[in-house]
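The listed protein sequences derive, respectively, from chains A and B.
Heads up: the first sequence at position 319 corresponds to 319 in full-length UniProt numbering, and the numbers run straight through without jumps.
Heads up: the second sequence at position 181 corresponds to 181 in full-length UniProt numbering, and the numbers run straight through without jumps.
Any given hint might turn out to be false.
[Claimed, not checked] Listed next, the in silico DSSO-like pairs over lysine-lysine satisfying Cα-Cα at most 27 angstroms (straight line):
1. 386(A) / 397(A)
2. 62(B) / 397(A)
3. 119(A) / 364(B)
4. 119(A) / 324(B)
5. 397(A) / 143(B)
6. 343(B) / 354(B)
7. 335(B) / 397(A)
8. 397(B) / 143(B)
9. 143(B) / 386(A)
10. 336(B) / 119(A)
11. 417(B) / 62(B)
12. 5(B) / 62(B)
13. 252(B) / 397(A)
14. 176(B) / 119(A)
15. 150(A) / 397(A)
16. 354(B) / 119(A)
17. 324(B) / 397(A)
18. 397(B) / 386(A)
Source of the hints: derived by calculation from the structure; they are not laboratory data.
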Amino acid sequence: MGVPGRATLAVKSYNKERIKQNLQVFDWELTEDDLDKINQIPQHKMMMREELASAGGSSSPYKSLEENTQLSGNLESEFSDFAGGDGILNGQTVFFSLRILMDTFLNDILSPTRPRWRKVAYGGMQPGFDDNHTDDSFLEDMVMNANVVKRDILKVMLDSVSISQYLCIVALVGLVWTYTLRSILNENSLLLLDVTLLGLGFLVLLLTKEMLSFNLFFRYLLNISFFISGLYVLAPIYQTLTTSISSNSIWAVTVSLLVLHLFLHDYYGSTVRAPGALHNPTLTSCISLNASVVASVFIASCLRSRLLVFAIMLFSLQVFLFAPLVTYCIKKYSFRLHLWFSFGLMIATLAFVYTLHLLLFVMLLGLLIFVTVVCPYWLIRMQEYKFEINGPWDEAKLCFDITD
Amino acid sequence: MGEWKRHRILMVSDFFYPNFGGVENHIYYLSQCLLKLGHKVVVMTHAYNNRSGVRYMTGGLKVYYVPWKPFLMQNTFPTFYGTLPIVRTILIREKISLVHGHQAFSTLCHEALMHARTMGYKVIFTDHSLYGFADAGSIHMNKVLQFTLAEVSQAICVSHTSKENTVLRSGLPPEKVFVIPNAVDTAMFKPAPERLSSHEIVIVVISRLVYRKGADLLVEVIPEVCRLYPNVRFIVGGDGPKRVRLEEMREKHSLQDRVEMLGAVQHSQVRSVLITGHIFLNSSLTEAFCIAILEAASCGLLTVSTRVGGVPEVLPDDMIVLAKPDPGDMVQAIKKAISILPKIDPQEMHNRMKELYNWHDVAKRTEIVYDRALKCSNQNLLQRLSRYLSCGAWAGKLFCLVMIIDFLLWHLLQLWKPAEDIEEVPDFILSHDQDKGISRDNENQSLR
Numbered sequence: 001m002g003v004p005g006r007a008t009l010a011v012k013s014y015n016k017e018r019i020k021q022n023l024q025v026f027d028w029e030l031t032e033d034d035l036d037k038i039n040q041i042p043q044h045k046m047m048m049r050e051e052l053a054s055a056g057g058s059s060s061p062y063k064s065l066e067e068n069t070q071l072s073g074n075l076e077s078e079f080s081d082f083a084g085g086d087g088i089l090n091g092q093t094v095f096f097s098l099r100i101l102m103d104t105f106l107n108d109i110l111s112p113t114r115p116r117w118r119k120v121a122y123g124g125m126q127p128g129f130d131d132n133h134t135d136d137s138f139l140e141d142m143v144m145n146a147n148v149v150k151r152d153i154l155k156v157m158l159d160s161v162s163i164s165q166y167l168c169i170v171a172l173v174g175l176v177w178t179y180t181l182r183s184i185l186n187e188n189s190l191l192l193l194d195v196t197l198l199g200l201g202f203l204v205l206l207l208t209k210e211m212l213s214f215n216l217f218f219r220y221l222l223n224i225s226f227f228i229s230g231l232y233v234l235a236p237i238y239q240t241l242t243t244s245i246s247s248n249s250i251w252a253v254t255v256s257l258l259v260l261h262l263f264l265h266d267y268y269g270s271t272v273r274a275p276g277a278l279h280n281p282t283l284t285s286c287i288s289l290n291a292s293v294v295a296s297v298f299i300a301s302c303l304r305s306r307l308l309v310f311a312i313m314l315f316s317l318q319v320f321l322f323a324p325l326v327t328y329c330i331k332k333y334s335f336r337l338h339l340w341f342s343f344g345l346m347i348a349t350l351a352f353v354y355t356l357h358l359l360l361f362v363m364l365l366g367l368l369i370f371v372t373v374v375c376p377y378w379l380i381r382m383q384e385y386k387f388e389i390n391g392p393w394d395e396a397k398l399c400f401d402i403t404d
Numbered sequence: 001m002g003e004w005k006r007h008r009i010l011m012v013s014d015f016f017y018p019n020f021g022g023v024e025n026h027i028y029y030l031s032q033c034l035l036k037l038g039h040k041v042v043v044m045t046h047a048y049n050n051r052s053g054v055r056y057m058t059g060g061l062k063v064y065y066v067p068w069k070p071f072l073m074q075n076t077f078p079t080f081y082g083t084l085p086i087v088r089t090i091l092i093r094e095k096i097s098l099v100h101g102h103q104a105f106s107t108l109c110h111e112a113l114m115h116a117r118t119m120g121y122k123v124i125f126t127d128h129s130l131y132g133f134a135d136a137g138s139i140h141m142n143k144v145l146q147f148t149l150a151e152v153s154q155a156i157c158v159s160h161t162s163k164e165n166t167v168l169r170s171g172l173p174p175e176k177v178f179v180i181p182n183a184v185d186t187a188m189f190k191p192a193p194e195r196l197s198s199h200e201i202v203i204v205v206i207s208r209l210v211y212r213k214g215a216d217l218l219v220e221v222i223p224e225v226c227r228l229y230p231n232v233r234f235i236v237g238g239d240g241p242k243r244v245r246l247e248e249m250r251e252k253h254s255l256q257d258r259v260e261m262l263g264a265v266q267h268s269q270v271r272s273v274l275i276t277g278h279i280f281l282n283s284s285l286t287e288a289f290c291i292a293i294l295e296a297a298s299c300g301l302l303t304v305s306t307r308v309g310g311v312p313e314v315l316p317d318d319m320i321v322l323a324k325p326d327p328g329d330m331v332q333a334i335k336k337a338i339s340i341l342p343k344i345d346p347q348e349m350h351n352r353m354k355e356l357y358n359w360h361d362v363a364k365r366t367e368i369v370y371d372r373a374l375k376c377s378n379q380n381l382l383q384r385l386s387r388y389l390s391c392g393a394w395a396g397k398l399f400c401l402v403m404i405i406d407f408l409l410w411h412l413l414q415l416w417k418p419a420e421d422i423e424e425v426p427d428f429i430l431s432h433d434q435d436k437g438i439s440r441d442n443e444n445q446s447l448r
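If we strip away everything but chain A, and leave its shape as in the complex, we get:
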């Protein structure tokens, strides 16, 4: 006894109603006397006119009556003259009116013979009802999909731009690595790139975060100079780190580390926080960051000049550590700017990759489309399959925090 009309989308959320419908088995029949009793009270019919009209809506719970035809059939003839005399009521409304009248009066008719069933466990077996009696109130308190968030496809797509943007950044880093290994980029151009990026990054931070205090700027400068000198001192060590390993294995490890990095990256915020940020980075984002740093070290170790190793390390670390922070600041400052920046970056990356290799270009393009279009659509489609049940059997949640 399926309900036609309620197709795909609604299947899960109407499940409860279907369960209940299956249970609503009327194991009694109306006698002639009962029908007479119903007929004797015409004034009730008039009172319920407004209710009847409202009950005609498609969401009416009385719809299930249509399955109960043999029962209504008995009564239909009794009411046909009443319905025929009134132009407002159509056939369907009569159906509903019958149901309402029946609900109202059947309780009265039945009450002298049968005490009402109560949802209680005490007092032994309830007289007139078996222990497996299933009342109308069965599953009454069940709630479906109470906590499911409705998502908008446009919003999800716009949110996914952050991911595409970061994919492009990583692709650009890969490009710089490749060009350096092919000796197309030399030390000077790399160092120039480092300085430009550093300057641009600072500019963006200063413009968006509005923290132009001299003190802070000085501290940043000091930290960065420490960082850079440390890196310079360590460069010879990086250089000799993987001399005994073939470059193929190094590329393989690097690519897998980058995939791990992308998979665990915290796309929502940035692992390196602006000063004063409240939350500590999560474990996964720390692992992700470390994976990217290790990948950079591996690549740098393939290079033959000390200065080149230093330059590429500085470049990689700048990007992996600070690019998320910069893009995060841009996004917070203005979402529109973030979108323009991201699209610009995507086009630039695609153009660069195109010049390098056609297959890589196709792969990157496919990935970007997958992330920005297919995944959001997929997510929205999957929402329909969400099926969450809550009810009185759930463990109650405490409304306060436990401080251990």
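For this one, chain A is given, so just place chain B on it according to the hints.
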């Protein structure tokens, strides 16, 4: 009801005496009352420490402690087929006609029910607990339960909420699920002989001090109530990981003289603790059916409880004050309980409980379920497999595989050790004036 038929029932659960709890109690009292009705009852559980082999309890209740060591929370290690030989032997030796399993946590129960079904026995399952649908543990348990309940003849739940839960989890038709609550031995839980003074109000809490029992709610509620009422004193019985928090709370609010922590309370001592109080406080976060409330009400205490699970069904509205599981609402409920306390007569409460709950009544209702189960038609293996197949895309096939292997093993076992070679046990009849497992008080009730 037709002619009376003597059932031969095997109760299976991991949880039985010497362990103590709701399920253990239920099995013990139900068995005693069924014995008294003239049925034969045998209990099967796993070995507890060196308690292994066959033992007899009050009223000739025979208990098989299967030498199968528990590995986690009194549960035996799930081996699927390891218990088949011993289950088969017991079923044949005792000429069992019905197998009744208890509690969804119990692996022994699930295995025994599976083997019993393979051998064509009628199977009944009682669910004593509630489960959610969200976390991984529940999802796993629900699948296991679906497997066990796939072809159970009849199922029993302890409250209507529990029935709704079981129907949703297992997909059983609701008319196959019976609601038969627990009961309380009112003769064991009598109120104090003389009424307590009303100058000081004592609120009793007896529960394991764990998260699920709402120990964290107690930490919030107790200081607030003590602040509002200088004449209220708390007695907290029970032990658990949250005991430290309660003790911290006591230190922090300097309530050492007003909150007494008893530690673990033996079940035999529960009554003596209960009768020192006026109000019983239950703060559970989930509860299928709270026996503690019954025991307290039987001792004449007014109950204040959280409105969770099956608790609202347990007592009539004038014997219990319900509250949302949140500290503010619970304090309000305790206020209300203190205000109506003068109108409560413990003895009258006890007499009402005698009317409301009775193990003999439970046994009679269970007997009806047994009769129904025996009327169910027998199914051959193919019909049963199709029932399992509908349990899920992957799970269904897995269940079928498990059942087929069980079926093959059973036939192998029949070749290796034919049923004729297993010695049948002679029934031993206990003369009726000897069995006093259930007190006379209840017997009078059952004549009602």
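Verification of the supplied hints:
no. : hint            : in the structure
1   : 386(A) / 397(A) : holds, 22 angstroms
2   : 62(B) / 397(A)  : violated, 42 angstroms
3   : 119(A) / 364(B) : holds, 20 angstroms
4   : 119(A) / 324(B) : holds, 19 angstroms
5   : 397(A) / 143(B) : holds, 24 angstroms
6   : 343(B) / 354(B) : holds, 19 angstroms
7   : 335(B) / 397(A) : holds, 23 angstroms
8   : 397(B) / 143(B) : holds, 13 angstroms
9   : 143(B) / 386(A) : holds, 18 angstroms
10  : 336(B) / 119(A) : holds, 24 angstroms
11  : 417(B) / 62(B)  : holds, 24 angstroms
12  : 5(B) / 62(B)    : holds, 20 angstroms
13  : 252(B) / 397(A) : holds, 25 angstroms
14  : 176(B) / 119(A) : holds, 17 angstroms
15  : 150(A) / 397(A) : holds, 23 angstroms
16  : 354(B) / 119(A) : holds, 20 angstroms
17  : 324(B) / 397(A) : holds, 11 angstroms
18  : 397(B) / 386(A) : holds, 24 angstroms
This entry does not satisfy hint 2, going by the numbered hints stated previously; all others are met.
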